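Trainee: If you want the building blocks of each chain, they are given just below.
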Amino acid sequence: QKEVEQDPGPLSVPEGAIVSLNCTYSNSAFQYFMWYRQYSRKGPELLMYTYSSGNKEDGRFTAQVDKSSKYISLFIRDSQPSDSATYLCAMSGRTYKYIFGTGTRLKVLA
Amino acid sequence: DTGVSQDPRHKITKRGQNVTFRCDPISEHNRLYWYRQTLGQGPEFLTYFQNEAQLEKSRLLSDRFSAERPKGSFSTLEIQRTEQGDSAMYLCASSNIVGFTDTQYFGPGTRLTVL
Numbered sequence: 053q054k055e056v057e058q059d060p061g062p063l064s065v066p067e068g069a070i071v072s073l074n075c076t077y078s079n080s081a082f083q084y085f086m087w088y089r090q091y092s093r094k095g096p097e098l099l100m101y102t103y104s105s106g107n108k109e110d111g112r113f114t115a116q117v118d119k120s121s122k123y124i125s126l127f128i129r130d131s132q133p134s135d136s137a138t139y140l141c142a143m144s145g146r147t148y149k150y151i152f153g154t155g156t157r158l159k160v161l162a
Numbered sequence: 008d009t010g011v012s013q014d015p016r017h018k019i020t021k022r023g024q025n026v027t028f029r030c031d032p033i034s035e036h037n038r039l040y041w042y043r044q045t046l047g048q049g050p051e052f053l054t055y056f057q058n059e060a061q062l063e064k065s066r067l068l069s070d071r072f073s074a075e076r077p078k079g080s081f082s083t084l085e086i087q088r089t090e091q092g093d094s095a096m097y098l099c100a101s102s103n104i105v106g107f108t109d110t111q112y113f114g115p116g117t118r119l120t121v122l
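So the sequence lines, in the order shown, correspond to chains S and G. Every number in this note's numbering is 52 more than the matching position in the first sequence, counting from 1. Every number in this note's numbering is 7 more than the matching position in the second sequence, counting from 1.
Calculated from the structure, these hints are not laboratory results. This one's a predicted model, so the numbers in the text were calculated from it and none came from an experiment. Watch out, some of these pointers could steer you wrong.
Result set (BS3-like, lysine-lysine): computed pairs, CA atoms no more than 27 Å apart in a straight line [what the hints assert, rightly or not]:
#1 G:K21 x S:K54
#2 S:K159 x S:K108
#3 G:K21 x S:K149
#4 S:K108 x G:K21
Below, a sample of chain G positions facing chain S; criterion: calculated Cβ distance under 8 Å [said to hold, decoys possible]:
#5 P50
#6 A60
#7 E63
#8 L68
#9 F72
#10 F81
#11 A95
#12 D109
#13 T110
#14 F113
#15 G114
Sample of chain G residues at the chain S side, in silico, Cβ under 7 Å [to be verified]:
#16 P15
#17 F52
#18 G92
#19 S94
#20 G116
#21 L119
Yeah, the Cβ is synthetic: ideal placement off N, Cα and C, and Gly gets one too.
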């Protein structure tokens with residue numbers, strides 16, 4: 053079993069839809085949770101950074117962490133075609149070594 | 008705004024050749040990371056430096072791989088006797104520890120193709 057599980061998709065949604073992206077993990081020592089966006093053949097770009105449990109909102113993006121269920125989510129409101137990319141979850145314990153999910157490919161249709 | 012830069016962006020080499028990649032982190036970032044990413048997968052940790060000290064190496068980093076960060080500034084990743092299985096995107100990231108926060112910023116990557 054991988055430490056971090058993420059559905060690879062692809063996920064296709066119409067423009068303006070609310071997108072929900074999720075990861076599950078097995079290591080209870082993880083306490084730092086990140087979401088990155090990666091366009092094709094580019095490096096990952098940090099979207100959200102969350103410490104421990106709770107919600108964090110930044111513009112159209114909301115990150116949620118449920119440590120009791122070992123489950124994290126990223127919500128994108130009013131999705132745009134420019135949001136089409138691969139979304140990677142990453143997490144770490146106190147070692148700061150990030151463990152990434154495989155990424156979910158998102159396509160927002162105009 | 009000078010982010011993390013990597014050079015070259017693309018490298019095509021023949022099996023058995025040596026290759027070297029360079030990473031220039033965000034200035035004054037004290038931590039530097041190397042990851043490898045293959046198609047359809049997330050980045051996998053290879054190694055990281057705190058200033059010039061290499062603090063952790065993944066078991067993915069065979070003895071053909073070596074990384075350096077002289078003087079705690081730029082870093083190089085060398086692969087000796089390349090194999091076709093080394094074909095991947097090599098990503099560099101840097102961060103600056105603030106309290107318990109270690110936000111890693113990635114460069115554009117170097118795409119390696121071994122023929």
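Trainee: Now, for every hint given, state plainly whether the structure supports it.
Mentor: Here is how each hint holds up against the structure:
For the hint pairing K21 (chain G) with K54 (chain S), the CA-to-CA distance comes to about 33 Å; that exceeds 27 Å, so the pair is violated. Distance hint between K159 (chain S) and K108 (chain S) is fulfilled; the C-alpha atoms sit about 24 Å from each other, no more than 27 Å. With a CA separation close to 32 Å, the supplied pair K21 (chain G) and K149 (chain S) exceeds the 27 Å bound. Proposed proximity of K108 (chain S) and K21 (chain G) is contradicted: the alpha carbons are some 47 Å apart, above 27 Å.
For P50 (chain G), the interface hint holds, the least distance from its beta-carbon to any beta-carbon of chain S being 5 Å, beneath 8 Å. Among the interface hints, the one on A60 (chain G) is violated; its C-beta lies about 14 Å from the nearest C-beta in chain S, farther than the 8 Å criterion. Evaluation of the E63 (chain G) hint against chain S yields a held restraint, the C-beta minimum of about 7 Å falling below 8 Å. The closest approach between the C-beta of L68 (chain G) and any C-beta of chain S is roughly 13 Å, which is over the 8 Å cut-off, so the hint fails.
Below 8 Å, beta-carbon pairs count as interface contacts, and F72 (chain G) has none with chain S, the closest being about 17 Å; its hint is therefore violated. Interface hint at F81 (chain G): violated, since its Cβ lies 17 Å from the closest Cβ of chain S, which is beyond the 8 Å cut-off. Violation of the interface hint for A95 (chain G) is found here, the shortest Cβ-Cβ separation to chain S being roughly 13 Å, above the 8 Å cut-off. Interface restraint check for D109 (chain G): the shortest CB-CB distance to chain S comes to about 4 Å, inside 8 Å, so the restraint holds.
Evaluation of the T110 (chain G) hint against chain S yields a held restraint, the C-beta minimum of about 5 Å falling below 8 Å. This hint holds: F113 (chain G) has a C-beta 4 Å from the nearest C-beta of chain S, less than the 8 Å allowed. About 5 Å separates the beta-carbon of G114 (chain G) from the nearest beta-carbon of chain S, less than 8 Å, and the hint is met. For P15 (chain G), the shortest C-beta to C-beta distance to chain S is roughly 14 Å, which exceeds 7 Å, and the interface hint is violated.
Interface restraint check: F52 (chain G) against chain S, minimum CB-CB distance 5 Å, threshold 7 Å, status holds. Because the smallest distance between the Cβ of G92 (chain G) and any Cβ of chain S comes to about 18 Å, over 7 Å, the interface hint for this residue is violated. At about 14 Å, the closest approach between the beta carbon of S94 (chain G) and any beta carbon in chain S exceeds 7 Å, and the interface hint on this residue is violated. The interface hint given for G116 (chain G) holds, since its Cβ lies 5 Å from the closest Cβ of chain S, which is under the 7 Å cut-off.
Hint status for L119 (chain G): violated, given a least beta-carbon distance of 13 Å to chain S, over 7 Å.
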